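*Asks:* Now for the letters of each chain:
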Amino acid sequence: MDLKPVLQGVLPPLAAALLLVGLGGPRLVAAAVALGAFVAYVLLKQWPALPTELWSSPNGTEWLLWTLLGALLLATLEHARVLRGRVALGAALLLAGLGPWLLLMKVAARWSLDLRLLHLGGGGLAAVLLVWLWRRYLQRATPGLLPGVLGTVLLSGDAALLAGQGSALLGQMCGAFAAALGAGCGTWLWRRTFALGSADGTWIGLAHALFLLAGVHLSSLPWSFAVAMALAPGLLLLQPFAKRATG
Amino acid sequence: MKSLLALPFLFAALSLPTAPAAPVGDHDWQVDNGHSSVVFRVKHANVSNFYGVFKTISGSITLDPAAPEKGSVVLSIPVDSVDTRDGKRDDHLKGPDFFNSKENPNIEFHSTKIAKKGDALEVTGDLDLAGKKHPVTMTVTKTGEGDFYGPRVGFEAQFQIKRSDFGMNYGIAKNALGDTVDLMVGLELVKPAKK
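Chains as they are written, first to last, in my numbering: chain Y, 1 to 247; chain R, 1 to 195.
So here's chain Y without its partners, still in its complex pose (with noise of 0.2 Å):
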């Protein structure tokens, strides 16, 4: 087996957040991972179309690349305190119901009204539903390593599964996400402290709901199979809010 492929996609994401959280902290992981995914994705595929050249000519794994840096910015942003509040809030969620059509906007032109509704309007939705639901469970849960390695694992299993049906590329960028995480998570080894933000919530909740979805409209992720991956850390997530109902 040639590990080539296999370490262009992980030593960018492991060396970028090695770097970054190692010498910053946390707060850069976001950061992190956008720098280790985008090189990661140059290395195995190519320089990818700027999102101006997308609108005329479009691509979904592309467009999927720079929605998920777009998201990963928000969070950067958020933790610099540049974006507070509601409006963090806000535009994570926009950017989540906007990922889908960006994703989508080529395979959705050839269908019908019904189909765009359905596919569009439901996968923004959960995509919505998704960082909202990330977002609260960082900001509810316990500072820790524990949420950072549930991300790790959420994102390294979707990985596992694009890459099992049909697509290595998307499984490798998927995977890219979960190195640089997994990585930033290992810098607790030195820093004895790691503990992600409620603004991490956006990217890795619209990683999850976008890589899924990429594998079900783009490859042949079969529908069961994203249904139950998506739905699968919506009961880890119910552990704070069990804790704060009983307690």
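Please keep in mind that the hints were generated in silico from the structure rather than gathered at the bench. Owing to the predicted nature of the structure, the values given are computational and were not obtained by experimental measurement. Where hints are given, some of them may not hold.
No more than 27 Å apart at the CA atoms, straight line, and that leaves these computed lysine-lysine pairs for DSS-like [as the list claims (entries may be wrong)]:
| id | chain 1 | residue 1 | chain 2 | residue 2 |
| --- | --- | --- | --- | --- |
| 1 | R | 191 | R | 55 |
| 2 | R | 174 | Y | 4 |
| 3 | R | 55 | R | 162 |
| 4 | Y | 4 | R | 55 |
| 5 | R | 43 | R | 162 |
| 6 | Y | 4 | R | 43 |
| 7 | Y | 4 | R | 132 |
| 8 | R | 142 | R | 162 |
| 9 | R | 43 | R | 88 |
| 10 | R | 133 | R | 116 |
| 11 | R | 142 | R | 191 |
| 12 | R | 174 | R | 88 |
| 13 | R | 88 | Y | 4 |
| 14 | R | 162 | R | 174 |
| 15 | R | 113 | R | 162 |
Keeping the supplied structure of chain Y fixed, place chain R upon it in accordance with the hints.
*Replies:* Just chain R, lined up with the frame of chain Y:
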């Protein structure tokens, strides 16, 4: 904030469909799919030549033998018709690692220049594959003509493309599949049905 939940449906309603158009003219021929073939060949693991086919091709060709430079060739191949004798491999080929058929359901060729080259024709055009357009030139030879339930004429072309030109670089790095793909296209053309 709850109104944000309605935004996905607004975005969905705003996306608009597009529609293609088809040419009509004298000296027109159309592809007889049942007697035409599209075969591709790519090196596997730097060891053997692997062959696959596209089972469907359609298109219209305008060709005046006296003035071939005024002609045109438009061909369309549905990606979903790819057949490599392995359903799982075909699904992989249709996915984002290769053709990305859900976004780019057809491989299209539109000629931009036709020139005589001895007994053959040199056809240059844009190959639209996996969402990327790239110019290709092929030498087209006439393989025969005759009458079989109407006039027919046959052509054949062989040419090479680099799949990396179309953003399909899966497996190139580890030599699992070669970058160069040979394409062999055999066309039997019939007169389009008059309306």
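*Asks:* Hint by hint, say whether it matches the structure.
*Replies:* So, going through the hints one by one against the coordinates:
no.: 1; hint: R:191 x R:55; verdict: holds, 21 Å
no.: 2; hint: R:174 x Y:4; verdict: holds, 7 Å
no.: 3; hint: R:55 x R:162; verdict: holds, 22 Å
no.: 4; hint: Y:4 x R:55; verdict: violated, 34 Å
no.: 5; hint: R:43 x R:162; verdict: holds, 12 Å
no.: 6; hint: Y:4 x R:43; verdict: holds, 20 Å
no.: 7; hint: Y:4 x R:132; verdict: holds, 26 Å
no.: 8; hint: R:142 x R:162; verdict: holds, 25 Å
no.: 9; hint: R:43 x R:88; verdict: holds, 19 Å
no.: 10; hint: R:133 x R:116; verdict: holds, 24 Å
no.: 11; hint: R:142 x R:191; verdict: holds, 16 Å
no.: 12; hint: R:174 x R:88; verdict: holds, 21 Å
no.: 13; hint: R:88 x Y:4; verdict: holds, 24 Å
no.: 14; hint: R:162 x R:174; verdict: holds, 16 Å
no.: 15; hint: R:113 x R:162; verdict: holds, 21 Å
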